[in-house]
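K.L.:
Use these hints to put chain B onto chain A, whose structure you have.
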Amino acid sequence: MLINANKMLIIAIFAFVITFILTYTLTKFLISYLKKINRIVKDYHKPGEVKVPMPGGPALVIPIIIVEIMVYIFTQDIRILSLIFTIMIVFIIGIIDDLYILSGILKPTLLILGGLPIIILKTYNPYLTFPLFGTVRLTIIYPILILIAITITSNTINSIDVLNGAVSGFLIIATVPIMFALILKADYIAITFTLPLLASLLAFYKYHRYPSRIFPGDSGSLSIGAIYGALTILGSVEVVGVIALLPAILNSFLFLTSVKRLVEHREIKARPTILLEDYRIAASKDISAPITLIRLILADGPLSESEIVKEIFKLAIFTAILASITAYITWGL
Amino acid sequence: MTYRLLPLMGILLVAWLLIFLGSFIIFKIVAPIPEFLPGYFGVLITAIIKVIISTLLVICWILIMVWLRDLYVRKKFLKKS
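So the sequences go chain by chain: A and B. Going by my numbering, the first residue of the first sequence is number 30, and it counts up by one from there. Going by my numbering, the first residue of the second sequence is number 905, and it counts up by one from there.
Here chain A stands alone, though its shape is the one from the complex (with noise of 0.2 Å):
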């Protein structure tokens, strides 16, 4: 179905407005909902015994969920079909992780089935672009490729998901070069099937930022990893995705070579950092605990877990800014 310029950027806006709605409401509506059910946790890093709602999943993406069908219905771009498909497969594996706490190897296991609809459906371009020299044909690797990349984001943001508002701000600054990637390569839906993301992660980061009123849980995290993961496939942009994540990427990177296993972060006894009695965070000098990116923010002395987050952000618009000029480099010039 052709659809003409006008006609794209009304849906645009649509998918972004409907979303943004559509998540402020249902996270307002799931955070007195969570609270009459006690579906309620401690956050840690506050005085005394804050108990904050989880998992606020469902209000992240659901609605992402409904307008990707409406913008599927509008364009008919089989792209959105499985990307439809994908959040549904992680967010379930979400669900249930919320529920009953999957092991730190069946929980990636699991993940892996979020790249099958992209696979099934066909919707991937096996060829990556790189900047300065170019295309490169992957037809037989890709395939492999996906199952891993939607593991790898999905956990990967779940990783960071330990601060109030880190995700969900963190992501939100990752997905701006994404949509300048796709602007310059003029992927008019591509573009509007990522601002559903988007405008949910802006709609949610009202309610997450410090001081949480909601976590997302492991439902909302893996889920927004994955649709970040998809989205770069889909549309091409996979090596912008890459350098956008950098800093949540070095994060897993550091965990898992300083664990030397793939471990639920539950399990572990040693903690990276340590709450002082001021409340401000501090990194921990127990040898055997895990290296995160936190613990090293934290190497030259504590602070807030409003300023780490601000710390954590800094570092995400650092990659962002070589995210876009990889992506400037690769389709501007």
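By construction, these hints were calculated from the structure, which means they are not laboratory data. Keep in mind it's a predicted model, so treat the numbers as computed, not measured. Just so you know, even glycine gets a beta-carbon here, dropped at the ideal spot from N, CA and C.
Incomplete in silico selection of chain B near chain A, CB under 7 Å:
hint : residue
1    : Arg908
2    : Leu909
3    : Met913
4    : Leu916
5    : Ala919
6    : Trp920
7    : Ser927
8    : Phe928
9    : Phe931
10   : Lys932
11   : Val970
12   : Lys980
P.N.:
Just chain B now, with coordinates in the frame of chain A:
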């Protein structure tokens, strides 16, 4: 800009540059290497060599990142203790 972030930004910058360098070597130098020998075994041996070189490059990337991590940890944590 907070001074504490500069070394971390340095690590991220190196990671960014290494992605391009590694990809360039793998896709533009290693991948186009022609078959050493004619026939099926020639194709097989060349493919195995290409995979080995590419794997070694990925290992190099990981080792450089681990070295940078250790350098940072030694400088920041061990100096203080």
